[in-house]
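Q: Next come the chains, spelled out residue by residue.
Number of protein chains: 2
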Amino acid sequence: MSTFFEAELREQPAVLQRLLEVGRERTESVAARIRERSPRFGVLAARGSSDNAARYGQYLLGIENAFLAALATPSVFTYYGGRPSMADALVIGISQSGQSPDIVEVVREGRRQGALTLAITNEPASPLASAAEMILTLEAGTEGSVAATKTYTAQLMVLAMLSAAWRGSGQAWAELQALPGQVQATLEANRETAAIAESLREHSRLVVLGRGYNLSTAFEITLKVKETSGVMAHGYSSADFLHGPKAILDRTLPVMVVSPVRAFGDLDAVTALAREQGAPLVVISDREDILGVADVALRLPLGVPEWLSPLVAVVPGQLWALGFSLARGLHPDAPRGLTKVTHTL
Amino acid sequence: MSTFFEAELREQPAVLQRLLEVGRERTESVAARIRERSPRFGVLAARGSSDNAARYGQYLLGIENAFLAALATPSVFTYYGGRPSMADALVIGISQSGQSPDIVEVVREGRRQGALTLAITNEPASPLASAAEMILTLEAGTEGSVAATKTYTAQLMVLAMLSAAWRGSGQAWAELQALPGQVQATLEANRETAAIAESLREHSRLVVLGRGYNLSTAFEITLKVKETSGVMAHGYSSADFLHGPKAILDRTLPVMVVSPVRAFGDLDAVTALAREQGAPLVVISDREDILGVADVALRLPLGVPEWLSPLVAVVPGQLWALGFSLARGLHPDAPRGLTKVTHTL
Chain A
1 MSTFFEAELR
11 EQPAVLQRLL
21 EVGRERTESV
31 AARIRERSPR
41 FGVLAARGSS
51 DNAARYGQYL
61 LGIENAFLAA
71 LATPSVFTYY
81 GGRPSMADAL
91 VIGISQSGQS
101 PDIVEVVREG
111 RRQGALTLAI
121 TNEPASPLAS
131 AAEMILTLEA
141 GTEGSVAATK
151 TYTAQLMVLA
161 MLSAAWRGSG
171 QAWAELQALP
181 GQVQATLEAN
191 RETAAIAESL
201 REHSRLVVLG
211 RGYNLSTAFE
221 ITLKVKETSG
231 VMAHGYSSAD
241 FLHGPKAILD
251 RTLPVMVVSP
261 VRAFGDLDAV
271 TALAREQGAP
281 LVVISDREDI
291 LGVADVALRL
301 PLGVPEWLSP
311 LVAVVPGQLW
321 ALGFSLARGL
331 HPDAPRGLTK
341 VTHTL
Chain B
1 MSTFFEAELR
11 EQPAVLQRLL
21 EVGRERTESV
31 AARIRERSPR
41 FGVLAARGSS
51 DNAARYGQYL
61 LGIENAFLAA
71 LATPSVFTYY
81 GGRPSMADAL
91 VIGISQSGQS
101 PDIVEVVREG
111 RRQGALTLAI
121 TNEPASPLAS
131 AAEMILTLEA
141 GTEGSVAATK
151 TYTAQLMVLA
161 MLSAAWRGSG
171 QAWAELQALP
181 GQVQATLEAN
191 RETAAIAESL
201 REHSRLVVLG
211 RGYNLSTAFE
221 ITLKVKETSG
231 VMAHGYSSAD
241 FLHGPKAILD
251 RTLPVMVVSP
261 VRAFGDLDAV
271 TALAREQGAP
281 LVVISDREDI
291 LGVADVALRL
301 PLGVPEWLSP
311 LVAVVPGQLW
321 ALGFSLARGL
331 HPDAPRGLTK
341 VTHTL
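Chains A and B are the protein sequences, given in the same order.
Take the first sequence: its position 3, counted from the start at 1, is 3 in my numbering, and no numbers get skipped.
Take the second sequence: its position 141, counted from the start at 1, is 141 in my numbering, and no numbers get skipped.
Keep in mind the hints are simulated off the structure, nothing from the lab.
Quick caveat: nothing in here was measured; it's all calculated off a predicted structure.
Please note that the accuracy of each hint is not assured.
Said to hold, decoys possible - To give a feel for the contact side, a few chain B residues facing chain A, derived at Cβ under 10 Å:
| id | residue |
| --- | --- |
| 1 | G42 |
| 2 | E64 |
| 3 | F67 |
| 4 | A89 |
| 5 | W166 |
| 6 | R205 |
| 7 | L215 |
| 8 | L223 |
| 9 | T228 |
| 10 | H234 |
| 11 | H243 |
Note that beta-carbon positions come from the ideal geometry of N, C-alpha and C, so glycine has one too.
Construct the entire structure; sequences and hints are all you get.
A: Shown next as C-alpha cells:
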C-alpha cells in the first residue's frame with residue numbers, strides 16, 4: 001500500500017538537509033536576540049508530537065545551554081485564567097499547524113507580559129506565528145499523513161540548530177551537517193523493520209522505555225503506534241518505570257528499549273527484568289551489547305552524537321508503527337477518529 | 001484480607017487533620033521566606049507518586065500563586081552533568097523517603113547555585129531533608145504499603161497549605177479546615193467501590209482521563225492500579241488524548257474519567273466518544289450530569305473547592321485499586337518486584 005505516512009518518513013533526510021541550508025541564518029538571528037535579552041528560564045508549549053519535540057528541547061537546552069525550561073500547562077492559562085509570571089522567560093510555542101488555541105494562548109500571554117516569544121511551526125501564516133515575536137519555520141512541505149513524521153524530526157532539527165547557534169559552537173554545526181546522511185543510513189539499515197513488526201501484531205499493548213535525550217523518542221514512538229495501529233502503547237523514563245510501573249511487566253507485554261550511545265543503569269536494569277520475565281524485547285541502539293540481548297535488534301548507524309541521537313532513533317520506531325499498522329489491517333494515514341488539526345483549549 | 005494499603009488509605013482524614021494542626025506555623029515561616037526572596041520561577045523534583053504531587057503543585061502555584069514551575073528532568077543533572085541555571089529559582093524536592101539520589105542532586109545543585117530550596121518529605125533525617133535549606137514534613141507516620149496513599153495526600157496537603165500561606169488567604173485556610181471531613185465523607189460514600197471494581201477485573205488495560213488540577217489525580221490513580229494489580233493503566237490529559245492517543249479507544253478498553261467541580265469541553269468530548277465506542281465508563285465526580293452517563297458512578301461530596309478537589313478525587317481511585325488488586329488474587333501491599341524505597345540516578 002502506498003501511504004503518505006511511508007512517503008513522508010522517507011522524505012526526512014531531504015527535509016533536514018533543506019532546513020540546514022535555508023534555516024541557519026535566521027536561526028543565528030534568533031539566537032542573537034536571545035543572548036541579547038538573556039531570559040532566566042524557558043517555557044515550552046506544545047501538544048501531541050510537538051510536545052515530544054518540546055521534551056527533547058527541555059533536555060537539550062538544560063544540558064547543552066545550561067538553560068532550564070518548563071513544559072507549559074496550557075489549561076492554567078485557558079480554563080483557569082491563571083497568569084503565571086513569565087516576564088523573564090523565553091516562551092516557545094511548537095505546533096505543526098500553528099492552530100491549537102491553547103498553545104497560541106500561552107505564547108500570547110507571554111508576549112503580553114514582555115517575555116521573548118518564538119513560534120516553531122510549519123505554517124508561517126498561522127495564529128501561532130502571528131502571536132510570537134520570532135518565527136522559525138519547519139520547511140517540511142505539506143504533511144498528508146495525520147500522524148506526523150517529517151514535521152516531528154524537523155521540529156527536533158530546528159531546536160538542535162537553535163541550541164548550536166545559541167552556543168556558538170562550530171563543532172555542533174559540523175555534527176548537524178552529518179545528520180541528514182545518518183538519517184538516510186538509518187532508513188537503509190532498517191529496510192526490514194516494518195516487515196519484522198508483523199511478528200508482534202497480535203499484541204494489543206506495548207511499553208517503550210527511554211531516558212535522558214531519548215525519553216522524547218520513547219514517547220514519540222508510542223504516539224505513532226497508538227495513532228496508526230490503535231495499540232495501547234506507553235512510554236516511560238526507565239527511572240520512573242522503576243518507581244512503580246514496573247509491576248506491570250510480564251511475558252505477554254512486549255518491551256521496546258530506546259538506548260543509543262549511552263548506557264543508563266536503570267534502563268539496563270529494566271531490560272534485564274524484561275528478559276527475566278520473558279517479555280518480547282525490541283531494542284533500538286547503536287550499541288552491540290544491548291542489541292545482542294534483544295529478540296529484535298533495530299540498528300542505528302555508529303557515530304551519531306547523543307544530543308542528535310533522537311533524530312535517528314525515532315526512525316525505526318516510525319517504520320515499526322508503519323509495519324504494525326499494515327499488519328493489523330489498518331491504514332496509517334487515517335487513524336481512527338483523528339484529524340490533522342486538533343483544536344483544544 | 002487486612003492490608004496496610006487499606007488501613008493507610010482509611011487513615012488519610014486523621015493524617016490531614018494532624019498536618020493542619022502541627023504544620024501551619026512552619027508553613028507560614030516558609031512562605032515568609034519565599035516572599036522575602038521572591039524567586040522568579042520554580043523547579044519541582046520528584047518521582048513516582050511524589051511526581052504526581054509535584055504536578056498538582058505545578059497547577060496550584062500557576063493558578064493560585066501566579067508562579068510558574070517546571071517539573072525537573074533529573075538525568076540532566078545526574079547522568080549528563082548539566083548545570084541549568086537556577087539561581088533565581090525556588091527548588092522543591094518531594095519524596096516520601098527522602099532517599100532517591102537523583103532528587104537529592106537537583107536540590108543540592110539548586111542550593112549550590114544560590115536558589116531557595118525546600119524539601120517535602122516524611123523523613124526529617126533523610127538526605128533530601130539535609131540537602132535543602134527548608135523542610136516541610138508530612139507527619140504521616142510510617143507507611144507500610146509499598147504503594148503510597150496517605151503520604152501522597154499529605155504531600156498534596158503540604159503544597160495546598162504552602163499555597164494558602166504564600167497567598168495569605170484566610171478563605172483558603174478556612175477551606176483547608178473543612179478538608180479532612182470531606183475526605184472522610186468520600187471514604188464513606190465509596191464504601192462499595194472496592195467491591196464494584198471486581199466487575200472489571202478481567203480487563204488488563206485501563207485509561208484514566210483528567211484535566212487541569214485533576215490531571216495529577218488521573219496519573220496517581222493509574223500508578224496505584226499498575227502497582228497493586230499489574231494492569232496496564234495509563235493517565236492522560238483529555239486535551240493530549242485528543243491529539244492522537246484517542247485512536248486506541250474501543251469497547252474492550254475501560255475508561256475512567258476524573259472530573260469534579262468543573263466541566264472541560266475536551267473531557268466531555270472524550271467521555272461521549274467512549275460512550276459511542278461502547279467502552280466501560282467509570283466516572284469520579286460530584287456533578288450529576290457526568291455521573292449520570294457512567295456505567296459506574298463514584299461520587300464525591302459536594303462543596304469541595306476545585307483547588308482542593310485532588311485530595312478527595314484520588315480516594316475512590318485508591319479504593320478501586322484495592323478492589324482490583326484483591327479481585328485479581330494479588331496482595332496490594334507487595335506489588336510484583338517493587339520495594340518501598342527506590343534509588344535512581
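Q: Let's test the interface hint: is any C-beta of chain A closer than 10 Å to that of B:W166?
A: violated (13 Å)
Q: Are B:F67 and chain A close enough, Cβ to Cβ, to be under 10 Å, as the hint says?
A: The hint holds - B:F67 has a Cβ within 10 Å of chain A, the shortest such distance being about 6 Å.
Q: So, as I understand it, the hint says B:G42 touches chain A; can you test that by seeing if any CB pair is closer than 10 Å?
A: Because about 9 Å separates B:G42 from the closest Cβ in chain A, which is inside the 10 Å limit, the hint holds.
Q: Closer than 10 Å between Cβ atoms is the bar; does B:H243 clear it against chain A? Give me holds or violated.
A: At 3 Å from the nearest chain A Cβ, B:H243 passes the 10 Å test, so the hint holds.
Q: Should the hint that B:L223 touches chain A count as held when the rule is a Cβ pair under 10 Å?
A: holds (5 Å)
Q: Going by Cβ atoms only, is B:A89 closer than 10 Å to chain A?
A: Status holds, d = 7 Å.
Q: Grab the minimum C-beta distance from B:R205 to chain A and call the hint holds if it beats 10 Å, violated otherwise.
A: For B:R205, the interface hint holds, since the closest Cβ of chain A sits about 5 Å away, which is under 10 Å.
Q: Let's test the interface hint: is any C-beta of chain A closer than 10 Å to that of B:H234?
A: The hint holds - B:H234 has a Cβ within 10 Å of chain A, the shortest such distance being about 5 Å.
Q: For the restraint on B:E64, tell me whether the closest CB of chain A is nearer than 10 Å.
A: Result: holds, 8 Å to nearest chain A Cβ.
Q: Using Cβ atoms only, decide whether B:L215 comes closer than 10 Å to chain A, and label the hint accordingly.
A: holds (8 Å)
Q: Return the status of the interface hint for B:T228: holds when the least beta-carbon distance to chain A is below 10 Å, violated otherwise.
A: OK, holds: B:T228 within 10 Å of chain A, min 8 Å.
Hint 5 alone, counting from the list given before, is not met by this structure.
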